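Chains as they are written, first to last, in the numbering used here: chain L, 1 to 219; chain A, 1 to 112.
Honestly, the hints are just simulated from the structure, not real lab data.
All values derive from a computational prediction rather than experimental measurement.
Glycine is no exception: its CB is placed at the ideal position from the N, C-alpha and C atoms.
Be aware that a few hints might be false.
Capping the alpha-carbon separation at 20 Å, the derived lysine-lysine pairs in PhoX-like fashion look like this [claimed, not checked]: (1) L:Lys100 to L:Lys145; (2) A:Lys89 to A:Lys22; (3) A:Lys75 to A:Lys61; (4) L:Lys199 to L:Lys141; (5) A:Lys43 to A:Lys91; (6) L:Lys213 to A:Lys75; (7) A:Lys102 to L:Lys213; (8) A:Lys75 to A:Lys43; (9) A:Lys43 to L:Lys213.
Sample of chain L residues facing chain A (criterion: CB under 7 Å; computed from the structure) [unchecked claim]: (10) Pro58; (11) Arg59; (12) Ile189; (13) Ala191; (14) His215.
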Amino acid sequence: MAPTSKLSIGIKRASRSHAYHRRGLWAIKAKNGGAFPKAEKPAAAAEPKFYPADDVKPRVPSTRKPKPTKLRSSITPGTVLIILAGRFMGKRVVFLKQLKSGLLLISGPFKINGVPIRRVNQTYVIATSTKVDISGVDVAKFDDKYFAREKKQKAKKTEGELFETEKEASKSLPDFKKDDQKAVDAALIKAIEAVPELKTYLGARFSLRDGDKPHEMVF
Amino acid sequence: MVKGRTGQRVRLYARGTILGYKRSKSNQYETTSLVQIEGVNTKEDVAWYAGKRMAYIYKAKTKSSETRYRCIWGKVTRPHGNSGVVRAKFKSNLPPESMGRKVRVFMYPSSI
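Same shape as in the complex, but just chain L (with noise of 0.2 Å):
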């Protein structure tokens, strides 16, 4: 910076004529054909018609994405988990693999317990310590949308038939369903009538009896 001028405050140390000439604006014009060039205004926008009395901020949709479950550590595929809730309480069960939503594929073996290919939730599962070889068992194609509901079929009824039963839609299973518990069972049964009993515990259910303390047991 050039030397602060001792005689007074306010009084520069560069000539008027020194100071244009060091900001250059000349060398500016001089490029631009003699004038300094004037930035385009931008077209003034029309007057909206309404202003609103309060200001109020526009509500920003969120951004945040659910973390995936985390999945038990205790928890492998070919675990067998005994499930603690639902229609199927106390039955042993294969875990097989865990679904995008979360939730754990499990079988029953479908012909050794009579549990079908399912869905359960790890919070009402217990993992115990057996597990299964799962290493034949192909369960690429389940996810979850093979377990979605059937969209209900709205068919326009004339009056008479409205009063009869609603009941129409057949709840049997599709047969597709149906071959892919066999295909899943049939290697999973191999792997399991390898191991001596393993057929009659996953056939037998549990269940908590006098005496005993769940928060001592080890599963």
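With chain L's structure known, arrange chain A on it following the hints.
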């Protein structure tokens, strides 16, 4: 509950007794009940049960949803004292008739 179940009856809950409400000598706080779970005798044992759901089941004279049995759901919140008694909060406060009666302490939400 039975609910028309024909197969094997399995018990997947621990039995508990409702001791009463959280209280001091002359004041009681009905939002929290005290429960004694069978087989649980120390504060350290209670840690396993923290957060587990419980159900107080009772019968009524009229049928609602095809059954006379009704239920109040709740959960274990924390230990109470050193000897295994547990504090529990229910969806609606337990009625005083429940004192001395049984409660079911389920094994879910499970973390095993």
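Tested hints:
1. L:Lys100 to L:Lys145: 10 Å, holds
2. A:Lys89 to A:Lys22: 10 Å, holds
3. A:Lys75 to A:Lys61: Distance of about 26 Å is beyond 20 Å: violated.
4. L:Lys199 to L:Lys141: 26 Å, violated
5. A:Lys43 to A:Lys91: 24 Å, violated
6. L:Lys213 to A:Lys75: 18 Å, holds
7. A:Lys102 to L:Lys213: Roughly 17 Å separates the two Cα atoms, so the pair holds.
8. A:Lys75 to A:Lys43: 17 Å, holds
9. A:Lys43 to L:Lys213: 15 Å, holds
10. Pro58: 38 Å, violated
11. Arg59: 32 Å, violated
12. Ile189: Not OK, violated: Ile189 of chain L not within 7 Å of chain A, min 22 Å.
13. Ala191: 24 Å, violated
14. His215: Given a least distance of 4 Å, the restraint on His215 of chain L holds.
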